[in-house]
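There are 2 protein chains.
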Amino acid sequence: MAKKVLIVYAHQSSGSFNAAAKNAAVEVLTAQGCIVDVSDLYAMGFKATATAEDIKGEVKNAENFCYLEESKLAWEQGKLSADIMEEQSKLTVADLIIFQFPMYWFSVPAILKGWIDRVLTNGFAFSQEKRYSQGIFKDKKAMLSFTTGSLESMFSPTGINGDMNVTLWPLQNGILHYCGFQVLAPQIFWAPSSAVAEDRKSMLESWRTRLQGLLEEKPLSFISLDCFDDKAFQLKPEVHEKHASKEFGLTVGIHLNKPLPPHSQMKAGC
Amino acid sequence: MAKKVLIVYAHQSSGSFNAAAKNAAVEVLTAQGCIVDVSDLYAMGFKATATAEDIKGEVKNAENFCYLEESKLAWEQGKLSADIMEEQSKLTVADLIIFQFPMYWFSVPAILKGWIDRVLTNGFAFSQEKRYSQGIFKDKKAMLSFTTGSLESMFSPTGINGDMNVTLWPLQNGILHYCGFQVLAPQIFWAPSSAVAEDRKSMLESWRTRLQGLLEEKPLSFISLDCFDDKAFQLKPEVHEKHASKEFGLTVGIHLNKPLPPHSQMKAGC
Numbered sequence: 001m002a003k004k005v006l007i008v009y010a011h012q013s014s015g016s017f018n019a020a021a022k023n024a025a026v027e028v029l030t031a032q033g034c035i036v037d038v039s040d041l042y043a044m045g046f047k048a049t050a051t052a053e054d055i056k057g058e059v060k061n062a063e064n065f066c067y068l069e070e071s072k073l074a075w076e077q078g079k080l081s082a083d084i085m086e087e088q089s090k091l092t093v094a095d096l097i098i099f100q101f102p103m104y105w106f107s108v109p110a111i112l113k114g115w116i117d118r119v120l121t122n123g124f125a126f127s128q129e130k131r132y133s134q135g136i137f138k139d140k141k142a143m144l145s146f147t148t149g150s151l152e153s154m155f156s157p158t159g160i161n162g163d164m165n166v167t168l169w170p171l172q173n174g175i176l177h178y179c180g181f182q183v184l185a186p187q188i189f190w191a192p193s194s195a196v197a198e199d200r201k202s203m204l205e206s207w208r209t210r211l212q213g214l215l216e217e218k219p220l221s222f223i224s225l226d227c228f229d230d231k232a233f234q235l236k237p238e239v240h241e242k243h244a245s246k247e248f249g250l251t252v253g254i255h256l257n258k259p260l261p262p263h264s265q266m267k268a269g270c
Numbered sequence: 001m002a003k004k005v006l007i008v009y010a011h012q013s014s015g016s017f018n019a020a021a022k023n024a025a026v027e028v029l030t031a032q033g034c035i036v037d038v039s040d041l042y043a044m045g046f047k048a049t050a051t052a053e054d055i056k057g058e059v060k061n062a063e064n065f066c067y068l069e070e071s072k073l074a075w076e077q078g079k080l081s082a083d084i085m086e087e088q089s090k091l092t093v094a095d096l097i098i099f100q101f102p103m104y105w106f107s108v109p110a111i112l113k114g115w116i117d118r119v120l121t122n123g124f125a126f127s128q129e130k131r132y133s134q135g136i137f138k139d140k141k142a143m144l145s146f147t148t149g150s151l152e153s154m155f156s157p158t159g160i161n162g163d164m165n166v167t168l169w170p171l172q173n174g175i176l177h178y179c180g181f182q183v184l185a186p187q188i189f190w191a192p193s194s195a196v197a198e199d200r201k202s203m204l205e206s207w208r209t210r211l212q213g214l215l216e217e218k219p220l221s222f223i224s225l226d227c228f229d230d231k232a233f234q235l236k237p238e239v240h241e242k243h244a245s246k247e248f249g250l251t252v253g254i255h256l257n258k259p260l261p262p263h264s265q266m267k268a269g270c
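Chains as they are written, first to last, in the working numbering: chain A, 1 to 270; chain B, 1 to 270.
Read the hints as simulated data drawn from the structure, not as lab findings.
Among the clues, some could well be false.
The list cannot tell twin chains apart, which means a pair is met if one copy fits it or any two copies do.
[Stated by the list, open to error] Using 30 angstroms as the maximum straight-line C-alpha spacing, the simulated DSS-like pairs for lysine-lysine come out as follows:
| id | residue 1 | residue 2 |
| --- | --- | --- |
| 1 | LYS79 | LYS218 |
| 2 | LYS201 | LYS60 |
| 3 | LYS267 | LYS47 |
| 4 | LYS236 | LYS79 |
| 5 | LYS231 | LYS201 |
| 6 | LYS242 | LYS60 |
| 7 | LYS258 | LYS201 |
| 8 | LYS201 | LYS72 |
| 9 | LYS267 | LYS246 |
| 10 | LYS79 | LYS231 |
| 11 | LYS90 | LYS4 |
| 12 | LYS130 | LYS267 |
| 13 | LYS258 | LYS3 |
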């Protein structure tokens, strides 16, 4: 059966490098027989802010409105606003989600954070029991594809912005892996706006080449949920002990006070 | 002269724990003689998305709109939209900025990311020369004050969400320190929604106590800009060598492939 791909795209301009990267993904994946859908957030005027208007009708507790709880309830009762439900439908059928964006302030632009805050509803995208390796979307893949303003050297463990693996951890672990997604290595376009036209072209060519095998790629490594106890959610003593003599921590975040495993948020198999 | 404090506050409800934390800050700091201003983002209906409407009149390049460049130009020409200019005025006079928010997806809510994306304009808040320890706001202090859904144990180097120091790095280094702010230790309210009323009360009491000495606190440690060369922005060989025999990396991001310095994004003097 044809694979379904959703591209969540956040750039204001159709003339941008991000637009070209998005168009390349649509073309190459469609040519492979995939069915590709694009959520063009700026063009859609996508609402970024999580408010009571996201819920149709009365909220449960207007005095002390808690978005996490109210949106969960609204999802259960089919009362989420139409724009959220539409995005959730696209996500439900997708096998792979590609987030295409320019990095703003070491993270995603606010309009894309808004998609994350509003669409990945409590209950729909995660629950206390269903998260990380047991997450709701564990049969789906997801990846970040983004441009930076900084050069690659600046995002190294000796560079001024620090290791990109650290910057990616909250996004790739805290959002994508949290919902269970198998996280494919990020596609990072280093400072295309500082590059000459020829280099920009070759960045896109290399993305096109990667896209051809993207759906068969091995995902990044994270830690299985059953390595943690279910009260304090600490690494089980036996897992900790087993890893005691190893040189590196398990992941960027679960580093056990050891050096971070190199490239673990950038390359599969690290 | 009276110190000026700006609280950038992002919660939907005046009955929330975040509202109580914000109110405590207003009260205690005002009682100390500070002049406190609050940007209540949801109440203001603050626009979160970075679009061409943020610029009055014609943009320079509509075909290939680049927010970073266009907003810089608009700032230089006094053509930024009124809501952005208003926030920039508040920031300009402030000695301390407190960001008060519930953590959403290992980061700030989209509405607050929108404030960051739109208000910290290229030119106004940073430039290629003026950033990090030479940053434009180096005479100001800033801090994060936030609630989590997760317990503290879950955000440790052996916990399921990984070390909170890692999660804070992109926010505290990539946004606050990038603009030059002296970054005060974060105020983290661990899972108040899971706590009993008495514990929530004591969390607020401890915040009130901290607020009394807040303006005299020593900031977190980062690395001086002159430790990096000015081409690839890599740590200078002499700094690297000087640190070679040390047990820990310099910071969370500039970790030199050593273990991360413990608590360095959580406590001053680490």
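Taking the hints in turn, this is what the structure says about them:
1. Within a single copy, LYS79 and LYS218 get their C-alpha atoms no closer than 37 angstroms, and across copies no closer than 48 angstroms, so neither meets the 30 angstroms cut-off.
2. Taking identical chains as interchangeable, the C-alpha atoms of LYS201 and LYS60 lie at most 30 angstroms apart only when they sit on different chains, with a minimum of 24 angstroms there against 53 angstroms within one chain.
3. With identical chains, the CA atoms of LYS267 and LYS47 are never at most 30 angstroms apart, being 33 angstroms at best within one copy and 36 angstroms at best between copies.
4. For the homomeric pair LYS236 and LYS79, neither the shortest alpha-carbon distance inside one copy (40 angstroms) nor that between copies (57 angstroms) is at most 30 angstroms.
5. For a Cα distance limit of 30 angstroms, the shortest separation of LYS231 from LYS201 across copies, 24 angstroms, qualifies, whereas the shortest one inside one copy, 51 angstroms, does not.
6. Taking CA atoms no more than 30 angstroms apart as the test, LYS242 paired with LYS60 passes in neither setting, with 47 angstroms inside one copy and 59 angstroms between copies.
7. Neither within a single protomer nor between protomers do LYS258 and LYS201 lie at most 30 angstroms apart by alpha-carbon distance, with minima of 40 angstroms and 37 angstroms respectively.
8. In the homo-oligomer, the alpha carbons of LYS201 and LYS72 lie at most 30 angstroms apart only across protomers (27 angstroms), although the nearest pairing inside one protomer, at 44 angstroms, exceeds that limit.
9. For the identical chains of this complex, LYS267 and LYS246 are neighbours both inside a copy (20 angstroms) and across copies (28 angstroms), given an alpha-carbon limit of 30 angstroms.
10. With identical chains, the CA atoms of LYS79 and LYS231 are never at most 30 angstroms apart, being 32 angstroms at best within one copy and 54 angstroms at best between copies.
11. For a Cα distance limit of 30 angstroms, the shortest separation of LYS90 from LYS4 inside one copy, 9 angstroms, qualifies, whereas the shortest one across copies, 47 angstroms, does not.
12. Taking the shortest Cα distances, LYS130 and LYS267 sit within 30 angstroms of each other inside one copy (25 angstroms), while across copies they are farther apart (33 angstroms).
13. In this assembly of identical chains, the alpha carbons of LYS258 and LYS3 never lie at most 30 angstroms apart, being 40 angstroms within a copy and 42 angstroms across copies at closest.
In this structure, the earlier hints numbered 1, 3, 4, 6, 7, 10, 13 are contradicted, and the remaining ones agree with it.
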